[in-house]
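Chains A and B, in that order, are what the protein sequence lines are. Note that numbering that gives the first Met the number 0 has the first sequence beginning at 0, numbered continuously upward. Note that numbering that gives the first Met the number 0 has the second sequence beginning at 0, numbered continuously upward.
What the hints contain is simulated information worked out from the structure, not anything from laboratory work. Heads up, a few of these hints could be off.
Lysine-lysine pairs mimicking DSSO-like chemistry, simulated, CA-CA at most 30 Å apart [what the hints assert, rightly or not]:
#1 B:Lys407 / A:Lys632
#2 B:Lys78 / B:Lys44
#3 B:Lys339 / A:Lys19
#4 A:Lys501 / A:Lys336
#5 A:Lys529 / A:Lys559
#6 A:Lys559 / B:Lys642
#7 A:Lys19 / A:Lys148
#8 A:Lys30 / A:Lys78
#9 A:Lys44 / A:Lys148
#10 B:Lys501 / B:Lys559
#11 B:Lys529 / A:Lys642
#12 A:Lys336 / A:Lys407
#13 B:Lys30 / B:Lys78
#14 A:Lys642 / B:Lys559
#15 A:Lys407 / A:Lys337
#16 B:Lys148 / B:Lys30
#17 A:Lys529 / B:Lys529
#18 B:Lys407 / B:Lys336
#19 B:Lys529 / B:Lys559
#20 A:Lys44 / A:Lys30
#21 B:Lys642 / A:Lys529
#22 B:Lys501 / B:Lys407
#23 B:Lys19 / A:Lys339
#24 A:Lys642 / A:Lys632
#25 A:Lys632 / B:Lys632
#26 A:Lys44 / A:Lys19
#27 B:Lys148 / B:Lys44
As the structure is a computational prediction, the values presented were derived from the model and not from experiment.
There are 2 protein chains.
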Amino acid sequence: MDAIFAPRSVAVIGASSDPKRIGGRPVDFLKRHGFAGSILPINPKSAEVQGLTAYPSISDVPEAPDMAVIALPAPMAVKAVEDCAARGVRGAVIFSSGFSEVNDEGAALQARMVDIAREGGMRLVGPNCLGIANVRHNLYATFTPGVEKHLPRSGDVSIVSQSGAFGSYCMSLVRMRGMGVNIWATTGNSCDVDFADAVAYCAQDEHTRVIMGYLEGATDRDRLVEALELARANSKPVVMMKVGRSAVGAEAAQSHTASLAGSDAVYDAAFRQYGVYRARSVDEMFDVTYACSGSSTLMQGDRLGLVTVSGGVGVLMADEAEDWGLEVPALPDHAQKKLKEVLPFAGVRNPVDVTAQLVNQIDLLETNMDVLFGDGDIDGAIIFMSTVGLVADLNEAIRTGLERIRDKYPGRPMLFCSLTEPEGRAAYERSGFIVFEEATRAVRAMAALRYFASSFERLRESDPIPELPSLSPLPDGMVNEIEAKALLAEAGIGIVRETLAKTPEDAATAAEDMGYPVVLKIASPDILHKSDIGGVALNLRSAEEVRSAGARILQLASEKMPDARIEGLVVAEQAAPGLEAILGVAQDPAFGPVVMFGLGGVLVEALGDVSFRVAPFGPAEARRMIDEIRGRKLLDEFRGTPKRDIDALANALARLSAYAAHHGAALESIDVNPLIVGAEGESAVAADAVIIPAGPNPD
Amino acid sequence: MDAIFAPRSVAVIGASSDPKRIGGRPVDFLKRHGFAGSILPINPKSAEVQGLTAYPSISDVPEAPDMAVIALPAPMAVKAVEDCAARGVRGAVIFSSGFSEVNDEGAALQARMVDIAREGGMRLVGPNCLGIANVRHNLYATFTPGVEKHLPRSGDVSIVSQSGAFGSYCMSLVRMRGMGVNIWATTGNSCDVDFADAVAYCAQDEHTRVIMGYLEGATDRDRLVEALELARANSKPVVMMKVGRSAVGAEAAQSHTASLAGSDAVYDAAFRQYGVYRARSVDEMFDVTYACSGSSTLMQGDRLGLVTVSGGVGVLMADEAEDWGLEVPALPDHAQKKLKEVLPFAGVRNPVDVTAQLVNQIDLLETNMDVLFGDGDIDGAIIFMSTVGLVADLNEAIRTGLERIRDKYPGRPMLFCSLTEPEGRAAYERSGFIVFEEATRAVRAMAALRYFASSFERLRESDPIPELPSLSPLPDGMVNEIEAKALLAEAGIGIVRETLAKTPEDAATAAEDMGYPVVLKIASPDILHKSDIGGVALNLRSAEEVRSAGARILQLASEKMPDARIEGLVVAEQAAPGLEAILGVAQDPAFGPVVMFGLGGVLVEALGDVSFRVAPFGPAEARRMIDEIRGRKLLDEFRGTPKRDIDALANALARLSAYAAHHGAALESIDVNPLIVGAEGESAVAADAVIIPAGPNPD
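Produce the complete structure using the sequences and hints provided.
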């Protein structure tokens with residue numbers, strides 16, 4: 000990959016003398032923007048291109064370049080890759096369209112090209128992409144007009160985008176917002192180097208501090224997860240834009256890209272699981288990136304301090320902080336007392352309002368910050384100065400005060416928020432401060448600094464995936480209810496005691512053994528929704544009740560589903576009343592087996608109040624999954640019902656995820672509905688379950 | 000009020016020769032910024048202030064000024080108001096602090112000052128405020144440093160802020176964002192002219208097109224509502240910032256202001272009810288204001304068109320549009336066909352992706368817009384041009400094309416979204432276009448244009464508040480369940496048939512008359528939560544069951560609540576099964592009687608899924624209220640349950656609101672829990688109700 004992102008020499012195949020043409024732009028950019036290595040234009044018709052010696056073909060160059068840019072029509076591009084491989088070129092960036100984004104023929108062409116490259120030990124970026132850049136090396140292997148006039152400065156933000164248009168837009172915006180870029184990569188059809196590869200490269204790149212990603216759809220879950228985990232392990236925040244969360248959006252995204260997009264809720268969950276920050280707007284993406292760039296500090300706890308010259312904006316920020324899960328704790332009494340001594344009419348609770356008096360008494364801010372951090376146990380602070388930042392001499396005094404505070408309390412992020420003139424702002428930035436104009440955006444950025452700190456902390460958490468004993472293989476065909484629960488029981492998931500009875504009389508005998516009350520259910524691999532046909536009887540309290548209910552169930556089943564194979568009756572102990580949860584496993588097109596959790600009844604059905612995780616995961620991750628649903632408080636002591644056994648629930652989820660991961664693609668889906676969650680310490684048991692194997696492998 | 004906001008002459012009482020002091024600033028601003036009327040400094044110690052003739056007191060000025068600015072300590076300010084009233088001054092802006100914001104003594108001083116002003120026919124702004132401005136008149140009756148160096152241009156945005164700090168910040172930001180200001184008012188302690196008065200003034204001001212409001216807490220509901228309705232009647236969008244939605248925020252807001260803040264959810268509902276746009280961030284506030292200012296057009300339908308040069312951003316905008324309730328409909332086939340003819344590889348569904356080809360074929364955009372509006376029945380469009388707006392000649396071509404489209408299809412808003420240089424942006428703005436840099440913010444602004452159009456449309460909707468027949472007076476003391484329902488029945492709200500029985504035997508007789516099944520409940524004004532003590536028996540099917548249940552209920556009541564007054568047993572028909580709704584009335588400190596709606600069970604209890612409206616309102620408003628809850632779909636056909644009688648539910652809510660408004664402050668609260676909503680056409684009946692009168696009037 001270094002051959003592509005840090006080459007010593009670059010050939011441009013299809014180089015044009017016209018610096019505005021696709022084949023001319025990379026020559027122009029490389030030359031004009033100061034790429035230090037050799038630039039080797041390849042053009043069969045001209046011995047010179049834009050003042051550089053040109054060669055008729057790649058075989059004619061005096062020495063094999065590390066990398067080639069290919070700006071030729073599709074069939075010729077394949078030939079060029081072949082020639083490059085033969086010449087020992089190690090990587091190529093292919094602009095050409097006409098491949099898999101067009102039709103099957105193009106896809107076949109693309110596949111052939113990849114085969115050639117693999118055989119020749121070459122990596123390929125594209126085709127149908129806008130190219131790549133390495134700003135530190137003045138390497139612009141791209142034809143984006145975005146770098147024609149203005150270049151970003153060299154810096155620590157790397158950008159990986161599946162879309163060329165979005166990638167270009169990002170590079171311009173990063174520049175206009177004063178940040179610096181290191182690697183820029185657009186992956187286009189991603190025939191070889193894909194989004195995950197490029198992220199992984201940036202994750203290992205010492206000059207990259209934060210990675211911006213634009214993803215339309217993932218195709219290789221394992222490599223994507225690996226890349227994200229690598230970034231996390233190297234403490235590099237990944238800020239992601241993944242569009243298509245609405246119905247229209249998802250449809251439009253599919254018409255826009257060949258990738259089969261996974262469910263948006265699953266992307267959302269996966270990003271949280273792997274510590275990626277998902278931005279919902281371009282502003283948010285850039286704000287968060289900005290806050291993570293430079294010499295910024297992550298926020299090591301939830302306690303946010305707010306210092307303002309406007310009580311109202313203090314409240315606005317407190318509102319926003321709550322939305323993002325940050326605490327704005329009241330300062331301890333002794334701290335409040337200290338602040339009152341400094342300025343009797345200040346707001347001292349937190350938000351701290353130093354009022355317009357700050358203008359007359361500029362050291363107020365430093366004093367306040369000292370109390371906030373020294374006495375208030377605050378993990379990070381936002382300083383909202385309204386229009387004060389427009390005044391040059393005040394700015395100078397504020398900044399030097401904040402520098403002293405930063406030296407005294409390192410590791411606690413401070414965001415400065417004020418209207419500023421460009422020069423005032425630049426002075427803060429040179430000094431390493433992050434500057435926002437808008438109060439709520441500063442809060443959101445701070446929340447992101449907390450988000451990444453938590454995400455990086457989780458790497459140190461021990462959360463082993465449950466080890467499962469040796470498991471029975473998945474049956475080939477339908478799995479009946481008893482078998483399904485037996486399989487889950489092997490994975491260590493609690494189930495109700497139950498047995499299969501052939502006849503109502505057998506059922507009565509089994510019930511006598513089991514003890515009352517019992518539940519009776521029709522046993523048939525063909526009847527999934529038993530209660531819809533009257534196939535379930537609850538709370539039976541005697542042999543007589545079991546006999547008559549059993550007879551009724553069998554009769555209803557034969558009337559309503561005459562073709563169903565009937566195996567008899569399931570006799571199960573009636574589970575103690577508990578809260579009903581729904582656990583599920585499904586195959587996500589992007590992430591493979593994913594686990595779903597929700598609480599039974601209207602929460603799932605009317606509100607879709609569920610959470611997801613990519614399998615497998617441990618119980619601690621399961622607890623976070625549980626905490627995400629809106630109806631979470633039903634699991635605590637609630638209106639007379641006891642606190643539920645959340646340990647048992649988390650354990651069941653983690654075990655289900657391990658089971659799902661074990662079977663992988665062999666499993667189509669699992670539904671555990673309900674899992675009855677008892678009171679704390681009482682465990683959780685599956686009262687019903689459906690397992691659907693994926694069936695015979697289509698390969 | 001014109002005396003204050005458009006005076007011909009202004010006295011500055013407490014005028015200082017130092018233009019940096021509070022008493023010096025207004026003199027400096029009025030003089031330097033070109034106020035055309037007379038400026039009359041009042042200073043007993045100096046015959047000249049900042050080059051102007053000064054007078055020892057207001058009685059010495061040659062002619063009474065329309066308005067006086069008072070920059071004196073509190074007690075002297077009261078005296079100054081007295082002198083002004085005597086001299087015939089019609090209005091005053093009082094900067095002085097030391098009034099109701101400090102303590103009771105200050106409040107008394109303030110009350111006295113208001114009495115003096117009222118007697119003298121004077122209006123007062125402040126005290127404890129930053130003053131007011133009228134930019135068209137170069138009137139700066141303020142000491143905010145925000146207008147020391149830079150003035151906003153004269154324009155159509157008026158700003159009303161309870162907070163001086165926030166008001167100043169707003170004025171600077173409006174200026175920096177290139178918008179123009181007309182009226183600017185900070186109301187401080189709002190002793191006379193309050194937030195509502197200032198909004199009402201702007202609502203009637205011909206030069207104001209949009210009103211920005213910053214509200215901490217309302218004190219006079221009727222005047223606030225009147226002002227908001229006036230703005231709506233005059234088609235002036237009101238964009239409001241009301242902080243304090245979080246728990247910490249609300250607490251901080253109360254420590255910050257003397258106003259007793261109402262529940263934030265009620266403010267939220269009231270703003271929606273009266274068509275006010277509530278912004279959640281400063282960016283949003285300014286984006287929406289910007290989109291409503293100038294010659295912008297509201298959006299007359301929900302159908303949004305998106306034209307982009309980046310498929311990804313198209314999807315991002317579609318996502319955002321869904322969040323804000325806008326449709327991004329697929330274009331009709333013939334329109335898609337037309338677009339494909341123009342550019343075969345374009346995305347043509349909507350979002351329309353003209354791709355980077357636009358750069359080579361700039362008239363693509365005009366053609367596309369023509370198809371969008373001409374064939375696509377689209378109500379408004381966002382044109383996302385990524386970095387294209389940075390290129391001057393492309394900009395010129397795009398702009399003139401859009402101008403032709405605007406002339407051809409007037410009344411359909413078009414927002415231009417691109418990175419731009421300041422000059423390029425200004426050219427669009429001069430031509431009357433709204434320009435955003437960020438795609439999701441453009442969508443949000445468009446949604447606001449739709450919001451105001453809907454809000455203004457609703458004024459033309461006929462939604463009469465139900466007329467109630469003559470009602471019984473509210474009882475003085477406790478109201479028992481039967482009485483409560485009888486009172487609601489008078490208001491036309493359906494209730495279950497029921498009767499009071501003294502003994503279990505009487506109950507059995509009553510049940511025989513009524514027909515089975517019946518419900519039996521303890522009747523006691525002292526027992527509010529009947530089922531908690533076993534005071535309810537459902538589904539009784541015979542005289543014998545009624546007798547024994549009645550005896551048990553009476554016994555449990557005497558055991559568990561021996562001091563409760565027992566009136567007997569309520570015998571009620573068992574309502575047909577339906578969906579249980581909860582209707583409530585409460586007194587909001589800011590808005591008086593408000594009505595709450597939610598669906599029974601976990602939705603209300605675990606998720607707080609309720610909506611509010613200020614009473615009274617009509618059935619159409621009630622339907623909007625019903626549509627706001629998250630669990631709304633439970634009222635439609637849902638998993639085998641029928642569609643519910645939403646007409647009956649809306650009617651019950653509207654009647655309850657009329658009932659609440661009728662009794663006003665005499666009512667503490669009403670709970671109708673449950674209202675059983677039958678299937679469509681089956682009506683809705685209150686199965687239980689609690690009415691708590693406010694009790695003896697404390698006055």
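Going down the list of hints, with the structure as the test:
no.: 1; hint: B:Lys407 / A:Lys632; verdict: 56 Å, violated
no.: 2; hint: B:Lys78 / B:Lys44; verdict: 17 Å, holds
no.: 3; hint: B:Lys339 / A:Lys19; verdict: 27 Å, holds
no.: 4; hint: A:Lys501 / A:Lys336; verdict: 78 Å, violated
no.: 5; hint: A:Lys529 / A:Lys559; verdict: 11 Å, holds
no.: 6; hint: A:Lys559 / B:Lys642; verdict: 26 Å, holds
no.: 7; hint: A:Lys19 / A:Lys148; verdict: 12 Å, holds
no.: 8; hint: A:Lys30 / A:Lys78; verdict: 26 Å, holds
no.: 9; hint: A:Lys44 / A:Lys148; verdict: 29 Å, holds
no.: 10; hint: B:Lys501 / B:Lys559; verdict: 19 Å, holds
no.: 11; hint: B:Lys529 / A:Lys642; verdict: 24 Å, holds
no.: 12; hint: A:Lys336 / A:Lys407; verdict: 22 Å, holds
no.: 13; hint: B:Lys30 / B:Lys78; verdict: 26 Å, holds
no.: 14; hint: A:Lys642 / B:Lys559; verdict: 26 Å, holds
no.: 15; hint: A:Lys407 / A:Lys337; verdict: 18 Å, holds
no.: 16; hint: B:Lys148 / B:Lys30; verdict: 13 Å, holds
no.: 17; hint: A:Lys529 / B:Lys529; verdict: 37 Å, violated
no.: 18; hint: B:Lys407 / B:Lys336; verdict: 22 Å, holds
no.: 19; hint: B:Lys529 / B:Lys559; verdict: 11 Å, holds
no.: 20; hint: A:Lys44 / A:Lys30; verdict: 20 Å, holds
no.: 21; hint: B:Lys642 / A:Lys529; verdict: 25 Å, holds
no.: 22; hint: B:Lys501 / B:Lys407; verdict: 78 Å, violated
no.: 23; hint: B:Lys19 / A:Lys339; verdict: 27 Å, holds
no.: 24; hint: A:Lys642 / A:Lys632; verdict: 9 Å, holds
no.: 25; hint: A:Lys632 / B:Lys632; verdict: 22 Å, holds
no.: 26; hint: A:Lys44 / A:Lys19; verdict: 18 Å, holds
no.: 27; hint: B:Lys148 / B:Lys44; verdict: 29 Å, holds
Checked against the numbered hints listed earlier, the structure breaks hints 1, 4, 17 and 22; every other hint is satisfied.
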